[in-house]
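Visitor: All chains should be built: construct the whole structure from the sequences, respecting the hints.
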Amino acid sequence: MTEAQLARGGGGPSGSPSAAASSRAIVDTNGGDSSANQDDDRVDATAQTAGPQSSPAPYAGRKRGRQQSEIWALFTDDANPQTLKAARCKHCRAIVKHHRKSESAKTHLNKCVPFRQLMSKQESDELPPWYALVRKPRRRSMTKVALSKTTAALPSVAPSPMKNDVLVSAVDRAKERELFQRHMAMHYYATGIPFDRIEDGHLARAIAVLRPGDQELLPDQRTLATELLDTCYDDIKDRVETRLADSVACLIANSWYSIQKDVVVKYMAMSPDACMFLESVGAGKQGPTAAWIAKDIERVFRGYASTTFAGAVTDNTSAHKKAWQLLSDKFPSCYFQGCCSHALDLMIKDIFNATKTKKVGATEATYPDDGYPFEDMLEFVADCKDVVKFFQNDDAAKAQLQEAQKTVGLQPLVEMSPTRWGTLQLMCQRLLDSEVQMHAIVRARDFVVGTAAEKAERTRIKAIVSNDQFVAMLEKALAILKPIGALIVKYESERVAVSEVLPDFEAFPKQFQQVFDEGLLSASELEYLVNLSGFRFQFMYGPAHGLAYLLDPRFLGKDLPATKRQSLEEVLINTPVGEDASSDDESKEALYMQFTNFFIAASQERTKNTFRYQMLAKKRKTPLQYWIADGYEWPLLQQVAINLFSMAASSAASEKSFASAAGVVSASTLSRCLGAKSVEKLVFMKSNMQTFYDVASVYEIETAATDSTEVMNENLTERLI
Numbered sequence: 002m003t004e005a006q007l008a009r010g011g012g013g014p015s016g017s018p019s020a021a022a023s024s025r026a027i028v029d030t031n032g033g034d035s036s037a038n039q040d041d042d043r044v045d046a047t048a049q050t051a052g053p054q055s056s057p058a059p060y061a062g063r064k065r066g067r068q069q070s071e072i073w074a075l076f077t078d079d080a081n082p083q084t085l086k087a088a089r090c091k092h093c094r095a096i097v098k099h100h101r102k103s104e105s106a107k108t109h110l111n112k113c114v115p116f117r118q119l120m121s122k123q124e125s126d127e128l129p130p131w132y133a134l135v136r137k138p139r140r141r142s143m144t145k146v147a148l149s150k151t152t153a154a155l156p157s158v159a160p161s162p163m164k165n166d167v168l169v170s171a172v173d174r175a176k177e178r179e180l181f182q183r184h185m186a187m188h189y190y191a192t193g194i195p196f197d198r199i200e201d202g203h204l205a206r207a208i209a210v211l212r213p214g215d216q217e218l219l220p221d222q223r224t225l226a227t228e229l230l231d232t233c234y235d236d237i238k239d240r241v242e243t244r245l246a247d248s249v250a251c252l253i254a255n256s257w258y259s260i261q262k263d264v265v266v267k268y269m270a271m272s273p274d275a276c277m278f279l280e281s282v283g284a285g286k287q288g289p290t291a292a293w294i295a296k297d298i299e300r301v302f303r304g305y306a307s308t309t310f311a312g313a314v315t316d317n318t319s320a321h322k323k324a325w326q327l328l329s330d331k332f333p334s335c336y337f338q339g340c341c342s343h344a345l346d347l348m349i350k351d352i353f354n355a356t357k358t359k360k361v362g363a364t365e366a367t368y369p370d371d372g373y374p375f376e377d378m379l380e381f382v383a384d385c386k387d388v389v390k391f392f393q394n395d396d397a398a399k400a401q402l403q404e405a406q407k408t409v410g411l412q413p414l415v416e417m418s419p420t421r422w423g424t425l426q427l428m429c430q431r432l433l434d435s436e437v438q439m440h441a442i443v444r445a446r447d448f449v450v451g452t453a454a455e456k457a458e459r460t461r462i463k464a465i466v467s468n469d470q471f472v473a474m475l476e477k478a479l480a481i482l483k484p485i486g487a488l489i490v491k492y493e494s495e496r497v498a499v500s501e502v503l504p505d506f507e508a509f510p511k512q513f514q515q516v517f518d519e520g521l522l523s524a525s526e527l528e529y530l531v532n533l534s535g536f537r538f539q540f541m542y543g544p545a546h547g548l549a550y551l552l553d554p555r556f557l558g559k560d561l562p563a564t565k566r567q568s569l570e571e572v573l574i575n576t577p578v579g580e581d582a583s584s585d586d587e588s589k590e591a592l593y594m595q596f597t598n599f600f601i602a603a604s605q606e607r608t609k610n611t612f613r614y615q616m617l618a619k620k621r622k623t624p625l626q627y628w629i630a631d632g633y634e635w636p637l638l639q640q641v642a643i644n645l646f647s648m649a650a651s652s653a654a655s656e657k658s659f660a661s662a663a664g665v666v667s668a669s670t671l672s673r674c675l676g677a678k679s680v681e682k683l684v685f686m687k688s689n690m691q692t693f694y695d696v697a698s699v700y701e702i703e704t705a706a707t708d709s710t711e712v713m714n715e716n717l718t719e720r721l722i
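Heads up, the sequence shown is in our numbering, so the first residue is 2 and it goes up one at a time.
The hints are simulated quantities; they were obtained by calculation from the structure and are not laboratory data.
Mixed in with the good hints there might be a few duds.
Stated by the list, open to error - Simulated crosslink set (PhoX-like; lysine-lysine; CA at most 20 angstroms straight-line):
hint : residue 1 : residue 2
1    : 463       : 399
2    : 491       : 622
3    : 296       : 323
4    : 91        : 112
5    : 122       : 91
6    : 98        : 86
7    : 456       : 399
8    : 296       : 286
9    : 386       : 463
10   : 483       : 456
11   : 491       : 619
12   : 609       : 620
13   : 559       : 609
14   : 296       : 331
15   : 620       : 559
16   : 463       : 483
17   : 91        : 107
18   : 622       : 609
19   : 112       : 122
20   : 491       : 620
21   : 511       : 491
As the list claims (entries may be wrong) - Using C-beta positions, here's what the derived DEER-type ranges look like:
hint : residue 1 : residue 2 : range
22   : 100       : 242       : 52 to 58 angstroms
23   : 264       : 560       : 39 to 45 angstroms
24   : 193       : 264       : 22 to 28 angstroms
25   : 194       : 215       : 19 to 25 angstroms
26   : 257       : 536       : 20 to 26 angstroms
27   : 510       : 394       : 40 to 46 angstroms
28   : 601       : 235       : 50 to 56 angstroms
29   : 445       : 559       : 54 to 60 angstroms
Every residue, glycine too, gets a C-beta built ideally from N, C-alpha and C.
Guide: Structure below.
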């Protein structure tokens, strides 16, 4: 008989139907992938059954191609899975990419929790031989890394050991549900998503894919606004208090107006490594008095008894300045001063937006200072606002200007905002950049068209832009604003030391003199600007500004007048060190000698330009870090210096942090009519969560480049089933 006849199963006893069926049964029982060894084993087994003359029988009734392994029946209910690239596991319902390889199915089943639980009930001799394979350690995917960071942020539930004979206990599942709901709630609080979106049907169906039948896994919007809100708020509040207890902080107190036009005072604590929102308190429509300010700051100090407050930075008003003195009497080792950024903003308003007031006994309103020289500049800025407003509101003119700006790569015009520092300079700069394009538009023959009112407005805009002094006035305004704007940008960072405020303000007279030398200022205008910079600095000045300038190894009180230096040294030696420190002559002498020794050592380092001094000069090392790490030689002076350099120079950094959080909460919750207490809790969490949680790792999860689908299914199955 030929080999072809044997392959077709023809002729002889071995080609009978019964023999062929027997051979197929034996082949199916062995299963697995076809190989040379397996074929030889089947030949031997068939030969023993059919007799000596029927050795070719195993090939007689065999179909062409590889046989289906038993692994597929254990793995999935899908039809012909060996012909597909992926199939659904019938145990955990996860989609597994196997690429027609039974080894991939075996690998998955070895890790499949429901299947392992099923196998745990079988006798050891009934287990498939491949079930005992040892799992190789897998490199953690980006998804699991992100989830592990998130879980570490909140009190986590310790994973229970895998038991081979029982399912996950009801207690463990309840803990998993609680943890899941807290993470889900934090997602809503962090992103500002309206709470009613939690009840969206698509979200419920997506969760049901992983946890079918668990109807209580997702919280409802009422739970988000009540129980979960309180739980997450308490957790973050505990974290804030723990962080503050381990550092020296500066209290930031800023006032702002609510929707109801009430004055609200916001308190934030700024430490070297974080800026945290504490609370906000209403002060009524009239605003706080000096006594109210002092009493409320004292209340905050007492409320965080475990925190060491270096002092407080407030707004620059007469009431606040009086409150500083009241507070200094109660807290002699603390420092109280005004906000540097607020002082700079007030300077700009004094120059470009001064208002007339009626003095006592006067018959008419006048500008705050006699001889105010910038009335023409004040009117010019008002005209500039009108120009920007026109080009933003008139559709035709706006389209023309935008097309012209796009051609040469210019930025659009911006309107000055009274609540945003530095926007006047940006408005003037954009107007100057686009002056040529605006001039071409307003000089066109068809520009003055429309109704009588529209023609009047366009005629006025044309007159402003076409004026011969339009460019000159913009250049003058920008020259005045340049040194002020540079400091506004600088003090937006929380890393600027309080010791830099004094030299920065002392530099204004020289900078304004340079503008005068360029022919852009008159003598009266120069005098006004120099006096104004000195007045605004003195109005916000606190002892920390001068003492920090004296104790900063970069400055050491450079160029201070002798009388000013002596005055600062007197303040320094009278500073109590610690709450129970005595102020007798002996302690004063010890502090003064330490200051003398420090001054000599720091002067020598600056003269020799040592590496330690270079690190300070290049701002690789802050003055606070210097005193913490290197000030141990002068322990009493070190305590004073740490308090000094823990003071914030400005509240701008805390303002930006709070504004971002308040904006998200306002857009998502105030419109949903939550109570005031709930809104404040949301603001508190949103403002502070970035200090304690790696939000980016939660919401910007990268997908692993290799085997991402299988790893994700495995991770979610292990966590949720």
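Visitor: Check whether the Cα positions of residue 296 and residue 286 lie no farther apart than 20 angstroms.
Guide: With a Cα-Cα distance of about 18 angstroms, the restraint between residue 296 and residue 286 holds, given a limit of 20 angstroms.
Visitor: Hey, residue 620 versus residue 559, does the alpha-carbon distance stay inside 20 angstroms?
Guide: This hinted pair holds, its Cα atoms lying about 18 angstroms apart.
Visitor: Given the proposed pairing of residue 456 with residue 399, does the C-alpha separation stay at or below 20 angstroms?
Guide: 16 angstroms, holds
Visitor: Are the Cα positions of residue 483 and residue 456 separated by 20 angstroms at most?
Guide: With Cα atoms ~36 angstroms apart, residue 483 and residue 456 exceed 20 angstroms; violated.
Visitor: For the pair supplied as a hint, residue 296 and residue 323, is the alpha-carbon distance within the 20 angstroms limit?
Guide: Given that 20 angstroms is the threshold and the Cα spacing comes to 12 angstroms, the pair holds.
Visitor: Would the hint linking residue 463 and residue 399 be met if the CA-CA limit is 20 angstroms?
Guide: Given that 20 angstroms is the threshold and the Cα spacing comes to 15 angstroms, the pair holds.
Visitor: Do the alpha carbons of residue 463 and residue 483 lie within 20 angstroms of each other, as the hint requires?
Guide: Violated, at roughly 28 angstroms.
Visitor: For a C-alpha distance cap of 20 angstroms, please report whether residue 296 and residue 331 respect it.
Guide: 10 angstroms, holds
Visitor: Are residue 386 and residue 463 close enough, with their CA atoms no more than 20 angstroms apart?
Guide: The hint holds at about 14 angstroms.
Visitor: Can you confirm whether the C-alpha distance between residue 112 and residue 122 stays at or below 20 angstroms?
Guide: 16 angstroms, holds
Visitor: For the pair supplied as a hint, residue 491 and residue 620, is the alpha-carbon distance within the 20 angstroms limit?
Guide: Distance of about 14 angstroms is within 20 angstroms: holds.
Visitor: Going straight from one Cα to the other, do residue 91 and residue 112 come out at no more than 20 angstroms?
Guide: 14 angstroms, holds
The structure is inconsistent with the numbered hints 10 and 16, although it conforms to all the rest.
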